[in-house]
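Q: With these hints in hand, go ahead and build the complete structure from the sequences.
There are 2 protein chains.
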Amino acid sequence: MIPVDVHSPASSPTVVHVPLGERAYDILIGRGALAASTERIAALGARSAMIVSDGHVLPRHGEALEAVLAQAGLRVATITVPPGEGSKNYAELERVSNALLDAKIERRDLVVALGGGVVGDLAGFAAAILRRGVRFVQVPTSLLAQVDSSVGGKTGINAPAGKNLIGAFHQPALVVADTALLDTLPERELRAGYAEIVKYGLIDDRAFFEWCEANAARVFAGGPERDHAVAVSCRAKAAVVVEDEREEGRRQLLNLGHTFAHALERIVAYDGARLVHGEAVAIGLVLAYRFSAQLGLCPGQDAERVRRHVAGLGLPSSLAEVPGGFGSPEAILDAMAQDKKVKAGRLTFILARGIGESFVQDDVAADDVLAFLRQAAAEAVPA
Amino acid sequence: MIPVDVHSPASSPTVVHVPLGERAYDILIGRGALAASTERIAALGARSAMIVSDGHVLPRHGEALEAVLAQAGLRVATITVPPGEGSKNYAELERVSNALLDAKIERRDLVVALGGGVVGDLAGFAAAILRRGVRFVQVPTSLLAQVDSSVGGKTGINAPAGKNLIGAFHQPALVVADTALLDTLPERELRAGYAEIVKYGLIDDRAFFEWCEANAARVFAGGPERDHAVAVSCRAKAAVVVEDEREEGRRQLLNLGHTFAHALERIVAYDGARLVHGEAVAIGLVLAYRFSAQLGLCPGQDAERVRRHVAGLGLPSSLAEVPGGFGSPEAILDAMAQDKKVKAGRLTFILARGIGESFVQDDVAADDVLAFLRQAAAEAVPA
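Which chain is which? The protein sequence lines are G and Z, in order.
The numbering of the first sequence is UniProt numbering, which starts it at 1 and goes up by one.
The numbering of the second sequence is UniProt numbering, which starts it at 1 and goes up by one.
Be careful, since some hints might not be right.
One copy or two, either will do: identical chains are not told apart, so a pair holds if it fits within one copy or between any two.
[Claimed, not checked] Straight-line Cα separation of at most 25 Å, SDA-like style, residue types lysine to any residue; simulated pairs:
| hint | residue 1 | residue 2 |
| --- | --- | --- |
| 1 | Lys104 | Leu44 |
| 2 | Lys104 | Tyr90 |
| 3 | Lys104 | His17 |
| 4 | Lys104 | Arg266 |
| 5 | Lys104 | Val76 |
| 6 | Lys104 | Gly73 |
| 7 | Lys163 | Gly133 |
| 8 | Lys163 | Thr14 |
| 9 | Lys104 | Gly45 |
| 10 | Lys104 | Ser48 |
| 11 | Lys104 | Glu245 |
| 12 | Lys163 | Ala91 |
| 13 | Lys104 | Asp334 |
| 14 | Lys104 | Val15 |
| 15 | Lys163 | Gln375 |
Calculated from the structure, these hints are not laboratory results.
A: Written out as structure tokens, the structure is:
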């Protein structure tokens, strides 16, 4: 029995409901949401839980989570994976799934992901395929995971051919986004996660983008603005996921900036020391707007406004800022062609007619992309 | 381009429709069904297909399948896995999924499983998790796969803790059960597959059981009775799957005989030289009826009639016939306790009130099981 030592919540968490029929679930958001989640977890009616975490996160937040699970009446076991994207592979998946079997986790039991996107994707995928599907709970500990990867049911691992190419749609039974867990995050990681927040404004909510311009500093500082930004993001993502759970249409909007971002991540060989996902997304958002402007779809001042906000936060906003270099325009295009969003050989981009007015364009000519990349690359060379 | 050299069908295949909403699909059954499937496959609208097969099956049937796929306008690639249950592991899954990525199989393309249950389970699982789900087509080449594993969407691999513990529900887009492909099967494999056919009569169709008693020899010989038996089996399985796709209730009836069978397979360490799955099911069906009789649920003469039919076909029907021995009653109970159908520590059995009258009993006392096994084991010791 673990001693109970959880912080009392500052206030009741915000609840975002994701109405997916028999796969519906709630997201609890706010400072102290973890300690406030005991009853919710108990109500799931499981007997056992296995925490999947990593060696960085578990020492910080493991005890608090174990206490909540024990208070909810669950038998608790724990496994950790090495921190970092490298753990999203078959070997770790096999190790985690065997540990879940050894812990006798059954269909109604819980796999609890405590960590960032890597842990959530890997643990969620292990839950999806264990006994053809056991329930899982996300306790995201990075800003990126709180506003993006822990909502929507995408789980998976990487392949030599690309990121997230192996996986499953598996919705969580509950998400607990305790914004106080972000207080100990390194500044760089917070900033990177913020890129996904501003994305929701750019997709279809101009007012939220303007709110971001005014309040970004307070989101970083951890005031109620942080809770608000997380809640708006989760609500926005949930709305899209409910419309298109399996990404056959509208859900693709969530990939705004990501075709560029994935290509850049591939080019730096997923080396987080050079570029973490959120930083690649920051550059990708700016490029998506600039590309839209170049195609005559979007006013140039909107693209410039996006660049200014991103750059003003200390996030990279151009190809020139890829540490170690971005290769060549051709290398970026090649990397794009390997992305899983390629359909029948054509390139799909999320483009925009303005801030908050994004749309899916599934037939973009490779020549147009290359011409834009060449221009963006030329600017990157110091005069 | 592969030369077209497919046999013309003897007659139009029987079509069994599996009405699972947006996951609905057809099963084409009969002699020549493969050659007759070109239009159906073309109608799926894929661009590419990758055949997953094994080194035994591909030389026999690979060319015919390639010809059909090419005629349907598809680009075709092929990968083989080593024959046998040992291929249902993470290493082969990784190898197959990487090959699918290298062949640029996209979401609307086809993974085509050509083989028995092992190939179908592995290829189907690879299809389920590739890009979070690409379509797949089953071309089962064993009787067992035609009447059981290729219908219903269960896919997966084995774990050290047990068979099929890792997997996904992933319905095929089409199943082509060409009964002529069974002509070259070894006698033992045909017999083993037959156990799953007779199971459908025992579950809820007494008239079909009586038909089996009268027609088993003709099913083996390959006449129209074989097509009929496969069609009745697929229809029966489809009806159950439609009612309960994710095995939360009625679908468990398909496990008649399987709690015993899985335990025996575990005890022989899944050594097919000793006991293949269908043989274990044959023993399991007889034991399920005898256990039901011992519990006073089922007339003893029904249990004896089941035993007589199974034994009369040359299938094993008692613990004494497990080659190399069955261990002990306690070992069998232990092996059962590891089965994935254990819920909250209780044993679930499919029992029967008579031939064609099976039901799910999810609260069977371990003591009753042990007492029955001891009796069945005592008989097994030569006097």
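Q: Now tell me if each hint is right for this structure.
A: Structure-based check of each hint:
1. Lys104 / Leu44: within (18 Å within a copy, 41 Å between copies)
2. Lys104 / Tyr90: Intra 21 Å, inter 20 Å, cutoff 25 Å: intra and inter.
3. Lys104 / His17: neither (30 Å within a copy, 37 Å between copies)
4. Lys104 / Arg266: between (38 Å within a copy, 17 Å between copies)
5. Lys104 / Val76: within (11 Å within a copy, 42 Å between copies)
6. Lys104 / Gly73: Within one copy, since 16 Å is at most 25 Å while 47 Å is not.
7. Lys163 / Gly133: For Lys163 and Gly133, the Cα distance is within 25 Å both inside one copy (22 Å) and across copies (15 Å).
8. Lys163 / Thr14: Neither: 32 Å inside a chain and 42 Å across chains, both beyond 25 Å.
9. Lys104 / Gly45: within (16 Å within a copy, 42 Å between copies)
10. Lys104 / Ser48: within (8 Å within a copy, 40 Å between copies)
11. Lys104 / Glu245: between (30 Å within a copy, 24 Å between copies)
12. Lys163 / Ala91: Result: close both inside a copy and across copies, 15 Å intra and 19 Å inter.
13. Lys104 / Asp334: Between copies, since 14 Å is at most 25 Å while 45 Å is not.
14. Lys104 / Val15: Close neither inside one copy (31 Å) nor across copies (41 Å); limit 25 Å.
15. Lys163 / Gln375: neither (27 Å within a copy, 56 Å between copies)
In this structure, the earlier hints numbered 3, 8, 14 and 15 are contradicted, and the remaining ones agree with it.
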